[in-house]
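J.: Working from the sequences, and respecting the hints, build out all of it.
2 protein chains.
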Amino acid sequence: MLSKSQIKLITSLKQKKYRQQHGFFVVEGIKTIKELLHSDFKLHLLFTTESFNINAKDEVLITEVDLKRISFLKTPNKALAIFKIPEFKAIEQSGLIVALDAIRDPGNLGTIIRLCDWFGVKELVCSKETVDCYNPKVIQATMGSITRVNISYVDLVSFLKEGNLLVFGAFMEGENVYKTTLPEKGILVMGNEANGISNEVEKFVTEKISIPRFGDVQATESLNVATATAILLSEFCRRF
Amino acid sequence: MLSKSQIKLITSLKQKKYRQQHGFFVVEGIKTIKELLHSDFKLHLLFTTESFNINAKDEVLITEVDLKRISFLKTPNKALAIFKIPEFKAIEQSGLIVALDAIRDPGNLGTIIRLCDWFGVKELVCSKETVDCYNPKVIQATMGSITRVNISYVDLVSFLKEGNLLVFGAFMEGENVYKTTLPEKGILVMGNEANGISNEVEKFVTEKISIPRFGDVQATESLNVATATAILLSEFCRRF
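These protein sequence lines are chains A and B, in that order. Take 791 as the starting number for the first sequence in my numbering and just add one per residue. Take 791 as the starting number for the second sequence in my numbering and just add one per residue.
Watch out, some of these pointers could steer you wrong.
Given that identical chains are not distinguished, each listed pair holds provided it fits within a single copy or across any two copies.
[To be verified] Only pairs whose alpha carbons sit at most 27 Å apart, straight line, appear in this in silico DSSO-like list of lysine-lysine: (1) Lys804 to Lys864; (2) Lys864 to Lys927; (3) Lys874 to Lys927; (4) Lys824 to Lys804; (5) Lys824 to Lys806; (6) Lys806 to Lys864; (7) Lys798 to Lys975; (8) Lys927 to Lys804; (9) Lys912 to Lys824.
Hints are computed from structural coordinates only; laboratory data are not their basis.
T.: Below is the structure:
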């Protein structure tokens, strides 16, 4: 059975301020929930139409109709879980780090998290203006990758100021990435969808790189930030 | 002034069957409309809150309120245009061709069209099951790139059967793309979001390639099709 206060809690978790207030976020779909159950994430409550055979006090069996009431999806997928937002974990300055400067689109952030997972990037550092990674649309797009990437929200300028790694950023006038020497360790900064990397962050970019355009002169002005991240991470990794 | 029949026509163009019946599609936003006006696409009618100073009979000045009534967007952007769907143009078997096997998501198709434009791919060949490129969400995502890529909907199996170019396709067990010799001419097939390349199409893939995974063993199973296309096109182009 689903209580009124549970419905109220779940609905509130659509909004960042209530996620932060309660320290919870919502995950939907059996596959992704199972991935989180097998990770360090801590379950708060699971609402499901089919038992997962986990600790009975954590699991609430509900009807399809009830699931439809609480789901954020058009077509709910058998289960909805509330997990605890993990505590801040120190950022390890080893390997390649991806830093995001005000990425706004949940789909882009979700895709970038999946890319970090694919390319073995352990640390994703987001500016405070970046969309919340516990936004339900981001969680949906990550397909469970969120369990394998440490995501931190920081003051990006301070973070870059304090570090001593090379900082790479994509700029139109940057050096052709195909011809650039790329190290195993470093920070790759990706900028906002509309405005790119901000002026304050640009000051800390030590290596400006670019993805060459092969199309006509009038070809598209820019790549989508998620596809640009894909190409750049591939370039960093293919050499090792 | 906006007539009832115009409103009816525009609304109908949300659906593929009416786009095909009328031979028209909708484009929104000043920037993208201007790109189409400067291309081979033929304008049927332009509805705008600010004159574009084009042929008066093609332009209908309307109010913001009227634009809101006809727009497919939450926040309409000053103009909505109806363009003619261009006639089928023969597929040139030169350079690199991208072929799509049942891509369903409009955002993915739009991103792939933009990538083709960026990497100078002139021909995009889609299976009949692929989402319609004149779908308003695709047009929105292409940001004008649709004017520079020739998009054809064909029976993909027949197309591959008749051609004599090498056919590349991404498979988990394929050869590491970073170590594969890639030609300047060829066909790159990208498969459906959930099922990959279909069995019938796989028979015509002469070169199976894969993007190596650098993450943990349990890392994400697959990349999004648009990001995989980005990485593979980058690999084809970076060598020339």
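J.: Hint by hint, say whether it matches the structure.
T.: Going down the list of hints, with the structure as the test:
no. : hint             : verdict
1   : Lys804 to Lys864 : both (15 Å within a copy, 20 Å between copies)
2   : Lys864 to Lys927 : both (12 Å within a copy, 18 Å between copies)
3   : Lys874 to Lys927 : within (17 Å within a copy, 35 Å between copies)
4   : Lys824 to Lys804 : within (21 Å within a copy, 38 Å between copies)
5   : Lys824 to Lys806 : within (24 Å within a copy, 38 Å between copies)
6   : Lys806 to Lys864 : both (21 Å within a copy, 22 Å between copies)
7   : Lys798 to Lys975 : neither (45 Å within a copy, 58 Å between copies)
8   : Lys927 to Lys804 : both (9 Å within a copy, 25 Å between copies)
9   : Lys912 to Lys824 : within (21 Å within a copy, 43 Å between copies)
When each numbered hint is compared with the structure, a violation occurs for hint 7 only.
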